[in-house]
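Read top to bottom, the protein sequences are chains A and B.
In terms of my numbering, the first sequence has 266 at position 266, counting the first letter as 1, and numbering is strictly consecutive.
In terms of my numbering, the second sequence has 182 at position 182, counting the first letter as 1, and numbering is strictly consecutive.
There are no misleading hints in this set.
No copy labels: a pair is met if it fits in one copy or bridges any two.
Subject to a maximum C-alpha distance of 25 Å in a straight line, what follows is the list of computed DMTMM-like cross-link-like pairs (lysine to aspartate or glutamate):
1. Lys68 / Glu41
2. Lys283 / Asp8
3. Lys26 / Glu319
4. Lys289 / Asp237
5. Lys286 / Glu32
6. Lys238 / Asp11
7. Lys68 / Asp325
8. Lys45 / Glu319
9. Lys26 / Asp317
10. Lys234 / Asp250
11. Lys230 / Glu206
12. Lys29 / Glu86
13. Lys40 / Asp325
14. Lys26 / Asp257
15. Lys286 / Asp325
16. Lys123 / Glu180
Read the hints as simulated data drawn from the structure, not as lab findings.
Protein chains: 2
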Amino acid sequence: MLKKFINDPRDVVEEMLEGFLAAHQKQVKRLETSRVVVRKEVPIKDKVGLVTGGGSGHKPAFIGYVGKGLMDGVAVGDIFSSPSAEQIYDAIKAVNSGRGVLCVLGNYSGDVMNFDMAVDMAKDEGIEVEQVIINDDDGSGSKDGMENRRRVDGEVIVWKAVGAKAEEGARLRAVKEVAEKVNANTRSMGVAHSPCAVPSMPHGGEPNFTLGENEMEIGVGHHGEPGVEKVTIKSADKTTEILMNKILEDIPFAQGDEVSVLINGLGSTSLLELYIIYRKVAKMLKEKKIRVYTSYIGEYFTSLEMGGYSVTLTRLDDELKRLLDAPANSPLFVQS
Amino acid sequence: MLKKFINDPRDVVEEMLEGFLAAHQKQVKRLETSRVVVRKEVPIKDKVGLVTGGGSGHKPAFIGYVGKGLMDGVAVGDIFSSPSAEQIYDAIKAVNSGRGVLCVLGNYSGDVMNFDMAVDMAKDEGIEVEQVIINDDDGSGSKDGMENRRRVDGEVIVWKAVGAKAEEGARLRAVKEVAEKVNANTRSMGVAHSPCAVPSMPHGGEPNFTLGENEMEIGVGHHGEPGVEKVTIKSADKTTEILMNKILEDIPFAQGDEVSVLINGLGSTSLLELYIIYRKVAKMLKEKKIRVYTSYIGEYFTSLEMGGYSVTLTRLDDELKRLLDAPANSPLFVQS
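Could you build all of it, start to finish, from the sequences and the hints given here?
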């Protein structure tokens, strides 16, 4: 049983949202009739609308990224569950200014099914809408079966890039191409040594997986899905080497490439550890003459209190460098 | 034993620093001969220098706050241990531009002793230097014995305010008065249900305190120091009410006051929970007709992977509102 500070477990998402909206009321609002969080000023004139969504429990994802230079609307699911097609449809309608809407979603069957339905519903109403499915996780599926790969935290880089592109006034087609480019050039790999728990019972919940006292799981998914293998816990350097070797060979990244690095804490792994991990990543990239253009280190896409981290590399070109450098301002992501 | 992603436990601080400096080399640097992190451009002409410091393991505190509108230099201690007087002295010298230096520190005996010595050493060299000791923790010491109260995360609000004041070009005396004003108007109270571990042994460490399966500790300190009492774990609302009642009556905060609210996660407590907690804080303040001017919700001052949170209220006047609103840009705190 993992202890938690909650009230009735059935109310966690609604109560979290109440607190979130109270804290960030200058920037975001909730649609009156749907569990959807949007930028206060939507629809934004002459801008492609950007929608994402997924289960709760991943904060700062998803709602923390609703803001200038990032997403316009998020459909909010229950803990680790897809939002409904209705919610996604409501989000699309709310952010549509007539310049079309791009949906960015992770490759999870529930999300894929519900986004598909929502996109069809919106198209039936004459809204121009496209979607891009993110599948950056090297811990799931082989290179030949990309369509089976899960989304992990690479989606954050997609949001940052498409958010900046849409803010520049680009058309829907160009914004979609940026999402596809980031996805094609992004690989991630995670590891966990401790589980999290979906809230249940008063103030706690059962761990979502079990590992031995000295075990960790390489390639773990964002909801505790099994990864590549369970191994004895190793040093930060050795663990990071395992993740990096898989990532580097998969695209493959090569000498002369410029990349962004995201070291994402899954919940209870300290920033102290994440910087020790980044140290190793930077060293390995230097040896391979791959240049770190920019880095993000911290909790960008968590799984409640899971103990672990993921590493994400994105190969950048001039356009992506410009888009990652652009300012952004949302409740939980600020870049000036 | 708590699992960790580290290498040799003796190297955690040095390796963390290596990663941190590599990631944030555009903004910060390390002094060549001392474990001190400073803004790249120190000493900054015509600006009062600002120094803080303390043990490692509290990230984003302390080094995450070195940047524009925040601190100029941080002396970096070992995990949960004070930096040496020499390090603090080196930091003071490095940031001194001739307009004087203010040291901001927490009320822990090791820090107080070493800052005292460093300040004396700097004064002997003719540097104008002052210090303000922060003691915002309602969980330690009675109101009559303020000098025994510990610092918890209220120091973050002090850094934000004095950082902005110094950036405005204020003189040392005025900057010091801001630190004293924030400290006098700030109260905090924490709670934890799970311990953290100082790294030791390969890849792990022993928990720094033990609590029963259903227990939590009210008023816990930032290193797991005992608080007010151990009680059965309660709902988020009831727990928050206990903390808030203690905070509200201590200054006391009154109808018509304007405050900043900081809900600080201690390590493994999820943002989902922190927003549920903020919901209750906002409700209680509304009932008492105290206005929330601004809020900070997230991990601002952690204790490695400790499970718990603290609530901090600061009573604001027009000057403090202006200072909290000012932009800031450091590796781990950005406000635009």
